[in-house]
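As given, the protein sequences belong to chains A and B, one line each in that order. So for the first sequence, our numbering puts the first residue at 1; every next one is plus one. So for the second sequence, our numbering puts the first residue at 1; every next one is plus one.
Derived from the structure by calculation, the hints contain no laboratory data. It is possible that part of the hints are untrue.
To be verified - Only some residues are given here: those of chain B computed to face chain A with a beta carbon under 10 angstroms:
(1) S49
(2) W59
(3) T63
(4) L66
(5) V76
(6) A80
(7) E81
(8) R103
(9) E104
(10) F106
(11) A108
(12) D109
(13) Q149
(14) D192
(15) L215
Every residue, glycine too, gets a C-beta built ideally from N, C-alpha and C.
Residue-level listing of the chains:
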Amino acid sequence: MESERDATVNLLRRAAWRLLGAALATLLVSCAQPSSAPLYLWENFPRQQYDTLLLPGLSPEQQIGAIQAHIEKARGLGASLPPGLRAHLGMLYLGMGNAEEARQLWHAEKLAFPESTRYMDQLLKRLGEPAKKAAST
Amino acid sequence: MKRLLIKAAGVALAIAFAGCATPPTAFDYSAFIQAKPASLLVLPPLNDSPDVKAPFSVWAQATRPLAEAGYYVLPVTLVAETFRQNGMDVAADIQDLPMPKLREFFGADAAVYLRIKEYGTRFVVFNSDTRVEVEARIVDLRSGQLLWQGKAVASSSEQQQQSQGGLVGALLAAVVTQIINTSTDAAYRYADIANQRLLGAPRPNGVLPGPRSPLFGKPPNTAAR
Numbered sequence: 001m002e003s004e005r006d007a008t009v010n011l012l013r014r015a016a017w018r019l020l021g022a023a024l025a026t027l028l029v030s031c032a033q034p035s036s037a038p039l040y041l042w043e044n045f046p047r048q049q050y051d052t053l054l055l056p057g058l059s060p061e062q063q064i065g066a067i068q069a070h071i072e073k074a075r076g077l078g079a080s081l082p083p084g085l086r087a088h089l090g091m092l093y094l095g096m097g098n099a100e101e102a103r104q105l106w107h108a109e110k111l112a113f114p115e116s117t118r119y120m121d122q123l124l125k126r127l128g129e130p131a132k133k134a135a136s137t
Numbered sequence: 001m002k003r004l005l006i007k008a009a010g011v012a013l014a015i016a017f018a019g020c021a022t023p024p025t026a027f028d029y030s031a032f033i034q035a036k037p038a039s040l041l042v043l044p045p046l047n048d049s050p051d052v053k054a055p056f057s058v059w060a061q062a063t064r065p066l067a068e069a070g071y072y073v074l075p076v077t078l079v080a081e082t083f084r085q086n087g088m089d090v091a092a093d094i095q096d097l098p099m100p101k102l103r104e105f106f107g108a109d110a111a112v113y114l115r116i117k118e119y120g121t122r123f124v125v126f127n128s129d130t131r132v133e134v135e136a137r138i139v140d141l142r143s144g145q146l147l148w149q150g151k152a153v154a155s156s157s158e159q160q161q162q163s164q165g166g167l168v169g170a171l172l173a174a175v176v177t178q179i180i181n182t183s184t185d186a187a188y189r190y191a192d193i194a195n196q197r198l199l200g201a202p203r204p205n206g207v208l209p210g211p212r213s214p215l216f217g218k219p220p221n222t223a224a225r
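Put together the whole structure using the sequences plus the hints.
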């Protein structure tokens, strides 16, 4: 008799704990920001921008390599590149004297984000963009 | 014993509701909703802290939360270069530039004006407190109208003073402490957290989701329901 009572008590106690657990879970789920999938694959892009802002023009080669790897990874995953990544990479290339690569990347930024058109056109103008070439090469 | 169960149910309900407390006043989003900005120009932050790296850290890390919120954010490194080439490298001067000029050159719909109130680690007797506090205003460059403003803090001592709700706050603080212990550039990490809280969407009284967000056009998140 006594043991049966104990069993009931244990059962109730366990139910109580489970209820508390469920409440905590509800709290975490309901109050967390809806964590829908990120729109972009970021990798180290914020840090790379920080480094560039901190020490402008410092050894672009290393960042170029890392960002090219980032682009490859995004391609493999079918993920989108964040706003500004192509434009930033273009600036790094320009820092190494490769204006043609910069031009192509700034056009790519425009294509991916038409919102950037005005600014990219300003930069391209300053680069001395030659008359629009056909997309043959 | 049934009473225990009932009591537990009561506590459980209380916990479930406690975390979602409503912020005191709802932000007036009418100008924001009407303006529908799609592209944002984040200007170099004003810096009230003694750390000269603070503006670069906060500036560089403002892009991600805004882009994930659904906006096109103009590339800050190129924007910095543009200002530099025009002989401007003082944030206060840049933030004073006339809006039609900014709009004309950068083509952005709105500008984000940031001010760093605090950035860095303070050492006290038994402990250290790393704290980053940032204020933001989003202003429409076409009309000059203020669309949104807010501020956010991230601190290593959030266990004691978390304002957003006990349990989640404590859990978050634990995570945050862990991050910090493995990091050397502590304030940089906290700037990321502060920026996410400040500029991420959707958040209570926060920035509205932009056109590239699946949440674009949904009613603003001013209060928990």
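Structure-based check of all given hints:
no.: 1; hint: S49; in the structure: 15 angstroms, violated
no.: 2; hint: W59; in the structure: 6 angstroms, holds
no.: 3; hint: T63; in the structure: 6 angstroms, holds
no.: 4; hint: L66; in the structure: 9 angstroms, holds
no.: 5; hint: V76; in the structure: 6 angstroms, holds
no.: 6; hint: A80; in the structure: 6 angstroms, holds
no.: 7; hint: E81; in the structure: 7 angstroms, holds
no.: 8; hint: R103; in the structure: 9 angstroms, holds
no.: 9; hint: E104; in the structure: 8 angstroms, holds
no.: 10; hint: F106; in the structure: 5 angstroms, holds
no.: 11; hint: A108; in the structure: 8 angstroms, holds
no.: 12; hint: D109; in the structure: 8 angstroms, holds
no.: 13; hint: Q149; in the structure: 20 angstroms, violated
no.: 14; hint: D192; in the structure: 7 angstroms, holds
no.: 15; hint: L215; in the structure: 8 angstroms, holds
Against the hints set out earlier in the document, violations occur for numbers 1 and 13.
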